[in-house]
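*Asks:* Residue numbers (this note's numbering), protein chains in the order written: chain A, 1 to 249; chain B, 1 to 249; chain C, 1 to 249; chain D, 1 to 249; chain E, 1 to 249; chain F, 1 to 249; chain G, 1 to 249; chain H, 1 to 249.
If you're looking for bench data, these hints aren't it; they were derived computationally from the structure.
All of these numbers come straight from a predicted model, not from anything done at the bench.
Careful: at least some of the hints might be erroneous.
Below, a list of computed lysine-lysine pairs in the DSS-like style, where the Cα atoms sit at most 27 angstroms apart [stated by the list, open to error]:
| id | chain 1 | residue 1 | chain 2 | residue 2 |
| --- | --- | --- | --- | --- |
| 1 | E | 167 | D | 195 |
| 2 | F | 195 | H | 172 |
| 3 | F | 94 | F | 117 |
| 4 | D | 117 | C | 117 |
| 5 | B | 21 | A | 119 |
| 6 | G | 195 | E | 82 |
| 7 | E | 117 | G | 70 |
| 8 | F | 117 | H | 148 |
| 9 | D | 167 | G | 70 |
| 10 | H | 82 | F | 195 |
| 11 | F | 195 | F | 119 |
| 12 | D | 119 | C | 195 |
| 13 | D | 82 | C | 195 |
| 14 | E | 148 | G | 117 |
| 15 | C | 172 | D | 119 |
Protein chains: 8
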Amino acid sequence: MNTEKLTDILTKVAANKISIKDAAKLFENFTFEDIEFANIDHHRSIRKGFPEVIFGAGKTARQTAGIIEKMILNKEPILVTKVEEDKAKFLCLKFKNAVYHKDAKMIVICKRPHRIKGKGTILVLSAGTSDIPIAKEAIITAEIMGNKTDFVFDVGVAGIHRLFARKDIILKASVIIVAAGMEGALPSVVAGMVKAPVIGLPTDIGYGTSFGGLTALFGMLNSCSSNITVVNINNGFGAGYAASCMNRL
Amino acid sequence: MNTEKLTDILTKVAANKISIKDAAKLFENFTFEDIEFANIDHHRSIRKGFPEVIFGAGKTARQTAGIIEKMILNKEPILVTKVEEDKAKFLCLKFKNAVYHKDAKMIVICKRPHRIKGKGTILVLSAGTSDIPIAKEAIITAEIMGNKTDFVFDVGVAGIHRLFARKDIILKASVIIVAAGMEGALPSVVAGMVKAPVIGLPTDIGYGTSFGGLTALFGMLNSCSSNITVVNINNGFGAGYAASCMNRL
Amino acid sequence: MNTEKLTDILTKVAANKISIKDAAKLFENFTFEDIEFANIDHHRSIRKGFPEVIFGAGKTARQTAGIIEKMILNKEPILVTKVEEDKAKFLCLKFKNAVYHKDAKMIVICKRPHRIKGKGTILVLSAGTSDIPIAKEAIITAEIMGNKTDFVFDVGVAGIHRLFARKDIILKASVIIVAAGMEGALPSVVAGMVKAPVIGLPTDIGYGTSFGGLTALFGMLNSCSSNITVVNINNGFGAGYAASCMNRL
Amino acid sequence: MNTEKLTDILTKVAANKISIKDAAKLFENFTFEDIEFANIDHHRSIRKGFPEVIFGAGKTARQTAGIIEKMILNKEPILVTKVEEDKAKFLCLKFKNAVYHKDAKMIVICKRPHRIKGKGTILVLSAGTSDIPIAKEAIITAEIMGNKTDFVFDVGVAGIHRLFARKDIILKASVIIVAAGMEGALPSVVAGMVKAPVIGLPTDIGYGTSFGGLTALFGMLNSCSSNITVVNINNGFGAGYAASCMNRL
Amino acid sequence: MNTEKLTDILTKVAANKISIKDAAKLFENFTFEDIEFANIDHHRSIRKGFPEVIFGAGKTARQTAGIIEKMILNKEPILVTKVEEDKAKFLCLKFKNAVYHKDAKMIVICKRPHRIKGKGTILVLSAGTSDIPIAKEAIITAEIMGNKTDFVFDVGVAGIHRLFARKDIILKASVIIVAAGMEGALPSVVAGMVKAPVIGLPTDIGYGTSFGGLTALFGMLNSCSSNITVVNINNGFGAGYAASCMNRL
Amino acid sequence: MNTEKLTDILTKVAANKISIKDAAKLFENFTFEDIEFANIDHHRSIRKGFPEVIFGAGKTARQTAGIIEKMILNKEPILVTKVEEDKAKFLCLKFKNAVYHKDAKMIVICKRPHRIKGKGTILVLSAGTSDIPIAKEAIITAEIMGNKTDFVFDVGVAGIHRLFARKDIILKASVIIVAAGMEGALPSVVAGMVKAPVIGLPTDIGYGTSFGGLTALFGMLNSCSSNITVVNINNGFGAGYAASCMNRL
Amino acid sequence: MNTEKLTDILTKVAANKISIKDAAKLFENFTFEDIEFANIDHHRSIRKGFPEVIFGAGKTARQTAGIIEKMILNKEPILVTKVEEDKAKFLCLKFKNAVYHKDAKMIVICKRPHRIKGKGTILVLSAGTSDIPIAKEAIITAEIMGNKTDFVFDVGVAGIHRLFARKDIILKASVIIVAAGMEGALPSVVAGMVKAPVIGLPTDIGYGTSFGGLTALFGMLNSCSSNITVVNINNGFGAGYAASCMNRL
Amino acid sequence: MNTEKLTDILTKVAANKISIKDAAKLFENFTFEDIEFANIDHHRSIRKGFPEVIFGAGKTARQTAGIIEKMILNKEPILVTKVEEDKAKFLCLKFKNAVYHKDAKMIVICKRPHRIKGKGTILVLSAGTSDIPIAKEAIITAEIMGNKTDFVFDVGVAGIHRLFARKDIILKASVIIVAAGMEGALPSVVAGMVKAPVIGLPTDIGYGTSFGGLTALFGMLNSCSSNITVVNINNGFGAGYAASCMNRL
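Using the sequences provided together with the hints, build the complete structure.
*Replies:* So this is what it looks like as C-alpha cells:
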C-alpha cells in the first residue's frame, strides 16, 4: 500500500463511493500482515517511498513464494535479492511475470513501467570485469526505484587513463556508486574528482588478503577523499537503494 | 581558489583591469603548491566545492601552521580535524581568528559568514551522551559547508520512546547522521522510519567486544534497513562532509 | 537416572521389595557409563534436572546410535542437536519413536508427555524469517524441558511497529529469547521494553561483514540495555536450555 | 519515578488532595527529560523495575553531575559505572551521600535501605584474585537492586578441589555469576554442577592470547555445559543486573 | 637411514665385508635425495631419531607415492598424515602393506614390529566423542614411535566426575595429551591434577565462536595451570611426536 | 600495442608509406578498448613493458574469451591467471595455440619465442612439495616475460642441510622468489645468505593457525632479514612479474 | 606443604611425638586457605611437585603481600611473576630475602639452596637481544625448580651460522626453550637439528604485523618440524615450568 | 669486516707485512662475536654487502651502546633503527659522530662519505604529510647504502593531478618506494604508470578501521597493478634496504 492508493481509498470514503466496512477491510493489513513465518511490512511503502524488499538468502522457496503472494496484491514492484538459481526457477514458474537476473541474483516482479522519480543520473562504475554482477544488482535496484542510470565497467586504477577518458560522464552524474574488490582504491580516486556523493560498494573479488572483500571495504572507509560513504560487502542492492534516496532529495 | 575568485580574475583580465603578468602570478599556485612537506591542493575548491581540509593527526604543529599560512591567502574557510589541545594552543596563538572546538578536536578559521548552500536540514542524532564529541565534529563540518543543522542527543534504543517523541524533527530532515557506539543499533531504527538518506557514524564508545567501534560499524553495515551508508569509526568530519554533498543535490 | 527413579529404587530396597544385589545392578551405571567412544553422564539428570543431550555434529551415525541405545534405558527424553538429514534418516529408522525436526536439525525421542515444570511462558522472537530454524531449536528445547512457549517471527527493527503491536505478548513472558542475525539489534530494543531476562541468540544470517553471526553476537554483548545475556551463534539449544533454568526459579 | 510514586500521585488526585495542575507538573518529566546533552529516561523505573543507570566512561564529570542532579529528585538509587578516580572525587564532593567503590569503579547514591526483592541468593565466584574488581561490580549491582548476595574468590580450575569444597554454597544459590579471565574455564565446571542459571562474566585478566578477555569470553560461549549465558568482557554491572532480573522471576 | 644401519655398514667396511665402492653407493642418498618435486631428508632418522613424515595434504597421490617409493628402501616406518580417502585407496593399492586409518586420516607402512623406546605410558584423553579422530592421530603416532599408550575418551568438564573417576590412570601417565574442542577447558583441569607434562591438542569441534578450534587453542595457551604446552589445531600427529620426544628423556 | 609496433607505424607515416587516415585507424584502440564488460588497456605494453594480464577468477569463460579475442590482435603474449579446469577447456578449444598449465592454473598464448630481456637468473625455491603449484605460477610468468629461470623444490627449514647443499645456485641468482606456507620461515633463512633481492611468496599450505597463508605472510613481513619484500598469498603471478621488473634493472 | 613435611608430621603422630589435636591444627590449611581475596592452594606442592606461583599482574601490592605471608610459612620457594617495579619495591621492603629480577619482572623468595631434581640441562636460546627479558623469566623459573640451565642469546636466522657454531651445546641439551619474536622462525630451525623436545616461546618483539607476538606464536604452531610445542606469548614462566616437568621424566 | 678489509689483511699476510699471529687475531671475531647479550654478525658485510643493522626497539641504551662499541671497530657505517629520543641522547653523548634523525628515529654513525653503489635513483613518494617520518627512514637507509635518492611528499589520490604533475621524475626512477597510510591506494596508481619495481610501504597513519596500517598493507598486497611488492607496516628501513638490493642489480 502506498500514498496514492491510501489517498484513493480515503477520497472514495469521503465521497461515499465505498462503504466504511469495505474500506476497513482494505485497511486490514495496512501496517503489517502476519503469515506465521513472516510479518510483512505493508506500511513501508508509505513510510519510506518503496515497499519492503525480500532478502532471499536463508528463506526457503516456499517461504519466499508465500511472502510474494501477499505482497503482489498491492500492485507494487517486488524485489527479491540474493536468490540462487534453483530457487529462482521455482519462483519464475509460480509467478509468470517474474524476471530473474542471473548474474545479479535478483528477481523482479514489476507490473507498471517505472516512473522517473529521481532527478539526476545514478552512475555505477566497476573497477574490474569480475565486479559486474554486484554492480548490476545496484543498477537494477536504482532503475526499479525510478532513476535514470548509466555505467562504465572495468576502469580500475592499474590503468587510470581509462577512468579519466570518461571524465564527462562522471562529472555529470548526481550520485556515483563505485564497485571494487581487491584493494578497493577506485572510489578514492573518483571521489577526488567530483562534488557528487560517492557510494563505495566493496565486492569479494580477490584472494588471500582480500579477505572476501574486507580489504576493499576498509580501504573505502579510510579514503582520504571525504565525500564517500560505504555499504556492506556485495550489497549492490543497498548501494542502489541508498543512491535512490539521495537522488530524490 | 574557488570558482567565484577564478571568474573574478578572468573578468578583470578581459576588462584590462589587471595585467596579464599580474593575473599569471595569481594563477601561479592554481592547481597545487609544493611546500616540501605538503602539496597543497588549491584546485580542490573548484573541483569539489570545498577547499582541502587538514587532517591534524600525525602532523607537527609547525607543519600544520605552514599549510594554513598558504591556504589562508585564498580567503576560504579552513578546517583542521583531530587536533590535540596542545597543538591547538600553538595554532590559536599564531592565527588570531582561529577557533578551537575542544570536544570535537577541530580548528576553524572562517573569515566570512556561512552562506547557506544546502537545501534542507542536516539532522545529527547521538545514541548516548558519550557520542556527543564525534556528533559535534559532524555538526561543525556541516555548518561551515553552508548547511542548516539540528541535533538530538542521547536517544539510544534502550529507551526507544525518547526517539519516537522526536518523530517530527526526524521526518523533516533532508539528511540524517546517526552517531552511535556500543551495538550501533540506532541507525537501523531511524532508517526504518524515514525516506531520507541516513549516514551511520560509528563511535568508539564502549569496552570489551565493542572493539573500539568495530561492533558499531559492522552493526550499521549489516542494517536490515536499506537507506543507510556508513563512514569510518569516529569520522564525524567525513559524515558531515558527505551529508553536505547529499544536501546540495 | 533421575531423582524420582532413584527414590523409587531406594524405597523398594527399604521395603525389601528388591534384593540388595539387584539394586546394586541398577546402580551400576549410576554416575556414568563407558562405552569406549563415550562416557555417558547418567548422573546429569539428578545433578542438573535434565539428562545429557547429544551434540550430533562430529559424531558418526553409529556413535550417536550407540549413545542413544544406552540412554534410552533410562526412559527419559533424549535430544540430539545439529543432526544432518542423512544421519537423521539412519537414526529414525533405528529408533522408531524418534522424531526429526528438519529445520531445527534436532532429533527428539520422548516417551512421556511433557510435564510443565517452568512457571511462566518462554517467548521466542525472531528478527527475520531466515532466523526461524535456530529459533525453532530453542522452542523445541524449551518445550521438551517442560515449559509453555510462544513465538513471534519476523519483527526486526526495520519496521519496528510490527514489534510494538505485540507489546502485550512480550510484556507477559517470563523469559524472552530473541534470535537475530545481521546487526542483531532486536534484543536491545526488546530488553528496553521489559523486566524479564532476555537471552540474545545470534544467528549466522547475513553476508559480508555479518561474519557468520559475529556482528550480531557482538552487537548483543554491547547492548545498552542491561537485562541481556547471550549464547553462542546459532546455539538455539543453549538458549532454550538456559531459559528453562531461569523459568524454573 | 517508579510505580509506587505514580500510584501515590494518582491516589491523591482521585482524593482531590492535589490539584490537577500540580499533578501535571509532577508528571512533566514523566517519560524522559531533555537536558541538551542527555535525554534522561525517567520512565525506565516503571518499565523495567530499576531506574536508568549512568555509564560513566566517556562522559565528563560535569555531564555526569548534571544527569545525577535531575535523577536525584526521584529519590531512587543512583548507580554510576566505570568511573575513574578523579571524576569520582569531583562527584563525591558535589553529592554528599555518594559512595565511591574504588576497585569496582562505581558510585552509589542510595537514600533508602535496600528492600529485598529477589527470592534467592545471587552467588558470585571469581577464578582468581585479579578478577575481584569486576566481581565486586556485579555484587554491588545485585545488592542495590535488592538481592541477597554471597561470594567465593580465587577458586580457579588449576586447583579444582578449592571449588568442590564450596559445593554446599554453590548448590544453594539461585543464580550464579562466575567471573574469570585467562582461559575462562571456571563457568563450564560450575555449570556442570548445578541446575541454577549461570552467568559467565569474562574479565580482561591475562596477557598475550588472552586478547583482553576475548579468549575467556569465547571459552564461555563455547561451554559444553548448557545452562550458561554470557555478558560482555568486564561487564560486572550487566551480570549483576541480569542476575537480578532472573532472581525476580 | 638410521644409526643402526649406519653402524652396520661402517662395521662391514672395517671388517672388509663390503667394498669401499659398494659402501659409497649405499651412502649416496645419505643426507637427502632430490626427486625433482621433493628433497627427501634421509638424514632425519639419525638426526632426530625418527624418519621424515609425509604431510599428505596438498600433495598429489602420485607425488606421495613417489616419495614413499624412495623412503621404503630404508626399511623404516613410513607415516603419511592428513590423507583423504580417495588418495588413500590409490596408495593402499600400490603399497600392499600400507594400512589406512580412516578416522585419523593416516597411512602407516611399518615392516617391523615396534620396539618400545619410550619409558612410560603416553595417555591420550579426549573431551568429547567428536574429538576422537584427532586423538587417534596422536595415539597412532606415539605407538609407531615406540611408546606404550592408553586413552580415555569423552571426559569433558560438563560432567567432571567422569574425569576424576580415572584419577589412577591419569596419575600414572608419564606424558598426557588432552584433545578438546569448544572451550578447550579440559587440559587446564587435568594439568592441575598432575606433575607430568601435558600437551594441549585443540580440535576444530564446535561452531560459531569456536572459530574452527581457535577458541580451544587460545584457552589452552591461557591455562592457569603451568605444565601445559600446546600444538596447532587438529595436529594430532605433532602432539604424538612431541610426546614421544618427552617420553624418551 | 608495444613500442616496436608504435615506432613502426610512425616511421611508415613519416615515410608516407601509410596514409594519415589508415594510421589513425590503427591507433583507434591505442589506449584502451571498451567491450562493455571490460576496458582493455592496450597501452599497458608501452607503459609497463608487458601487456595487460587477465585475472581469470570471477570472469565467465565467455567474458575471458571476449577479452582474449581483442588482445590477440596485438600479437603479444597473453596470460590468464587462476583459471579453473572447466573454463580452461572451453578456452583451449576456442584458441588453438592456448596452453593450459593445470597445476599453476594458467593459460598461456604466446605466438613468438621469448626474447631474453632480463639479465640474470630468477631462482624460485619452494619450502615443500605442496607449494609447487604456486611456485610454478611464478616460474611461468617470469619465463614468458623473458627471463632465465631455475628452481629447487622442497628445501624447508626442518632439514636445513638440503638448502645449504644448493648454496652455489642460490648465490648466483639475481632475484630469488621463495614460496612457503605453514610458518613461512624459509625466506628469512635464504635472505640471510644473499645480497640479491628476495621476494617472499606465501602459500595457503597448512591447516589450523596457518589461516590460509596469513601466518606465512606475516612471518615473511616480520623477517629479521632485510632484503625481503612480499606479495599476496598464492600470488605466484605477482611474484614472477615483480621479479621480472627487478631483473630488467 | 610438600610430601616431606607431610611425612614428617605423620611419622610424629605415629610415634606419639605430637598430639592428634596439634597435628590436626597443622593440617588445618592443608588443602587450601581462604584469605577472602585468595584461596591459597597449599596442596599444590604435593600434587604437582612445586608450590603455587603468584601471578603478579592485576593484584594489588597489598594482596600479593597477603598471599606471600601465608605461603612463606611453608618454607618453600615463592615465585611472583609479571611484577612491575613499584610493586616490587614495596614487596622487597616487606620481605627481606625477596630478590627482584627487574628485566624478568620476577620476585624470588627462596630460603634453601636449590636441590637439582632435573636430570639434564635445560637450554634457553633467544633469537634477538630484545627477547632476553622473557628468556630470563624461563631461566629463573627452571633454576628455582631445580634444573641445570644454559643459554645462548641473539642467534636468529638472519645470520644462521651463529646458531650452527653452537651445535654442540644444542645437541647436548635435554630440553630446549627457544624465545623469538618477529617471524618466530628460530624454533623450527632448532627443532630440525635435535631429538630433544623444543618449547617455542613467542615474544612480543616486533611492530606492525608482528601483532604483539601473534605472528611468532602462529609461526611456531605451524612449524614444519614436529618436536615443538608452544606456550603463550611472553610466558617465560610457563616455558620454564613445562621444561622442568619434562626434565623430571 | 667487509671484502676490502679481508683482502687487505690477506695481502699483507702474503707480503709478510703482518705476522700470522697478528692476522689470526684480526680474524678472531670474523664470523660473529659473542658479547653475552648479543652475537654480532661481523660476517654480514661480506655475505650481504652491508653490515648488520641494529634494531633499536626493545634493547636498553646500554645494550645498544655495547653492540656499537664492537661494530665501530670495523669502520663501516652503523645504523640503529626505531630509537626513542631519550635513548638517542645517551648514545649521541657516548658516540661523538653519531647523528640522530629525530623524525625517522634513526641513529647514523658513518665515518666515510657514501660511495654511490646503486645505478639509478631510488624515488620515495608519500601519500600524505603524516607519512613523512617513515618515508625519511627509507631515504636515509637508501642513502647510507650508497644510492642516489629523490622524493615527493603529499601526493595522495584525493588530488591525483599532484601526482601526474611529477610524471617525469617518476618515470626516470629505477626503484620507487611509496609510503601511504589510510587506504594505501597510492602504490597501485603509481605502479600502473611505470616499468620500475615499486615497493609498497604501509604506514600506521589513520584511525578506526585503518587498524594501525593493516588496511594500507592489505590494500597494497591486493593491488591490481602487478609490479608491487610490500614490506611490513612502518618498515621504512626495510623498504630502503630492499630498494638498494634491487638498485645494485
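*Asks:* Compare the structure with each hint and give your call.
*Replies:* Comparing the hints with the structure gives:
1. For the hint linking residue 167 of chain E to residue 195 of chain D, the alpha-carbon distance of about 26 angstroms falls within 27 angstroms, and the restraint holds.
2. A threshold of 27 angstroms between alpha carbons decides the hint, and for residue 195 of chain F with residue 172 of chain H the separation of about 24 angstroms falls inside it, so the pair holds.
3. In summary, the hint linking residue 94 of chain F to residue 117 of chain F is not supported, as the alpha carbons are separated by about 30 angstroms, beyond the 27 angstroms threshold.
4. Note on residue 117 of chain D and residue 117 of chain C: the hinted pairing holds, with a Cα-Cα distance of about 23 angstroms set against a maximum of 27 angstroms.
5. With a C-alpha separation of about 44 angstroms, the suggested pairing of residue 21 of chain B with residue 119 of chain A is violated against the 27 angstroms cut-off.
6. Restraint check for residue 195 of chain G and residue 82 of chain E: satisfied, since their Cα atoms lie roughly 23 angstroms apart, inside the 27 angstroms limit.
7. At most 27 angstroms may separate the alpha-carbon atoms for a hinted pair to count; residue 117 of chain E and residue 70 of chain G exceed this at roughly 44 angstroms.
8. Restraint check: the Cα-Cα separation between residue 117 of chain F and residue 148 of chain H comes to about 25 angstroms, which is no more than 27 angstroms; the hinted pair holds.
9. Among the hinted pairs, residue 167 of chain D with residue 70 of chain G is consistent with the structure: their alpha-carbon atoms are about 24 angstroms apart, no more than 27 angstroms.
10. A threshold of 27 angstroms between alpha carbons decides the hint, and for residue 82 of chain H with residue 195 of chain F the separation of about 23 angstroms falls inside it, so the pair holds.
11. The suggested pairing of residue 195 of chain F with residue 119 of chain F holds, with an alpha-carbon distance near 16 angstroms, which does not exceed 27 angstroms.
12. Only pairs whose Cα atoms come within 27 angstroms are accepted, and residue 119 of chain D paired with residue 195 of chain C is accepted, the gap being roughly 15 angstroms.
13. Proposed proximity of residue 82 of chain D and residue 195 of chain C is supported: the alpha carbons are some 23 angstroms apart, at most 27 angstroms.
14. For the hint pairing residue 148 of chain E with residue 117 of chain G, the CA-to-CA distance comes to about 25 angstroms; that is within 27 angstroms, so the pair holds.
15. A C-alpha spacing of about 20 angstroms is found between residue 172 of chain C and residue 119 of chain D, which places the hinted pair at or below 27 angstroms, so the restraint holds.
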